[in-house]
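Q: One letter stands for each residue in the lines below.
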Amino acid sequence: MKCKDIRWMLSLYDSGELSLEEQEIAETHLASCEKCRQELARISGVPELIQSLHGDTWWADVSSSVREQINASVRE
Amino acid sequence: MARDLTQDTFLEAYQRILNTQCEIKLKSWLYRIATNNAIDVLRRRKLVSWLPWTAETPIPKEPRNLEDDISQRESVRDALNRLPEKYRAILLLHDYQGFSYEIGEMLNISIDAAKKRLARGREMFRNVYERLEGGE
Chain A
117 MKCKDIRWML SLYDSGELSL EEQEIAETHL ASCEKCRQEL ARISGVPELI
167 QSLHGDTWWA DVSSSVREQI NASVRE
Chain B
122 MARDLTQDTF LEAYQRILNT QCEIKLKSWL YRIATNNAID VLRRRKLVSW
172 LPWTAETPIP KEPRNLEDDI SQRESVRDAL NRLPEKYRAI LLLHDYQGFS
222 YEIGEMLNIS IDAAKKRLAR GREMFRNVYE RLEGGE
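Line by line, the protein sequences are chains A and B. Using my numbering, you'd call the opening residue of the first sequence number 117 and step up by one each time. Using my numbering, you'd call the opening residue of the second sequence number 122 and step up by one each time.
Do not take every clue at face value.
So these bits of chain A aren't anywhere near chain B, every CB distance computed over 12 Å [to be verified]:
id, residue
1, L136
2, E140
3, E143
4, T144
5, H145
6, L146
7, A147
8, S148
9, K151
10, R153
11, I159
Here are some chain A residues pointing at chain B (derived, C-beta under 7 Å) [unchecked claim]:
id, residue
12, S127
13, A157
14, I166
15, V182
Read the hints as simulated data drawn from the structure, not as lab findings. Owing to the predicted nature of the structure, the values given are computational and were not obtained by experimental measurement. Note that beta-carbon positions come from the ideal geometry of N, C-alpha and C, so glycine has one too.
Take these sequences, add in the hints, and give me the full structure.
A: Quick look at the structure:
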């Protein structure tokens with residue numbers, strides 16, 4: 117498996133959200149790829165950063181655009 | 122509040138289903154109504170969000186410099202604002218609001234596509250966030 121094939125898995129591996137099969141694929145690759153281990157370290161922690169906005173009024177400002185995105189996708 | 126939202130969701134669904142002629146995917150339809158109701162509540166809460174400390178306010182895990190904290194939150198907000206809409210939406214629904222891969226149904230995409238969009242969104246977020254923190 118090449119780096120470009122598993123790159124999308126890294127952030128989900130970090131947050132423990134891959135299926136068992138995907139997790140095994142990611143771990144096998146990470147064990148032998150220093151570059152992807154470095155990338156994993158770099159991109160980790162995004163959910164925690166976003167959660168740091170809890171209690172922030174910003175969410176209310178963007179909620180309508182998110183709602184529109186949901187509604188638009190349903191109309192597609 | 123969750124019970125109120127559930128009640129509102131089913132009441133609204135019941136009222137709408139009487140007027141619909143087309144086939145619907147019930148689960149994603151209910152999610153959509155529930156999401157819209159939740160967003161409405163969150164928006165209304167903005168009116169009272171200035172209220173000070175309450176017993177429910179989480180205690181930070183470790184003390185942080187207030188200035189750093191504010192700066193970090195600004196960078197997070199800016200980074201999210203700079204993302205294309207579809208990536209911002211999935212990050213907010215999943216990482217901020219805590220919806221699981223039911224977001225796929227909300228956004229009318231497969232679970233696999235939702236996972237890849239989420240992963241891509243996080244990668245894009247990290248790239249933009251790093252540039253902002255680096256003093257862009």
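Q: What are the numbers of the hints that this structure violates, sorted from low to high?
A: 11, 13
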